[in-house]
Amino acid sequence: MSRWGFARLQEEIHHRLSEILQVEARDPRLERVTIFSVKLSKDVRHAWVYVGVLGDSQEDEVESLEALREHRGFLRAALARSLHIRHTPELHFQLDEATERARRIEELLEKEGKGPS
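Per the numbering used here, residue 2 is the first one in the sequence shown, and the count goes up by one each step.
Since the hints were made in silico from the structure, they are not lab data.
Think of the CB as a built atom: it goes at the ideal place given N, C-alpha and C, for glycine as much as any other residue.
Each pair of labels, with its calculated beta carbon distance range:
1. G74 - S38: 19 to 27 Å
2. A99 - D44: 21 to 29 Å
3. Q23 - G114: 35 to 43 Å
4. E20 - R46: 16 to 24 Å
5. E113 - E60: 20 to 28 Å
6. R46 - A99: 25 to 33 Å
7. A78 - E113: 44 to 52 Å
8. I106 - L84: 30 to 38 Å
9. V63 - R87: 29 to 37 Å
10. E91 - D28: 17 to 25 Å
All chains should be modelled from the sequences, with the hints used to inform the complete structure.
What follows is the structure, encoded as structure tokens:
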């Protein structure tokens, strides 16, 4: 990792994965995905990718997370082609907690009749 600093590598993985999702991914379930952050393990073997999903339902989130997991190999290979580092980290996708909290708040507001319709 001499060419890359740790923080810079996290940012670069974030940027490149976002770009791959926009340009190369062909699954419509991935069109709703936004990458919020990437956290690398100290040995750079694992990357936890925190995502948000545009959509009105929890079903959209589940479908998009499932698609990310199905295409994990493709995404990792595309990342390897663009980064040129010795070991491309294993990708682990998780829903960003802030997105989940916001969705729950919206649901509660809608139940009370105060949320967007």
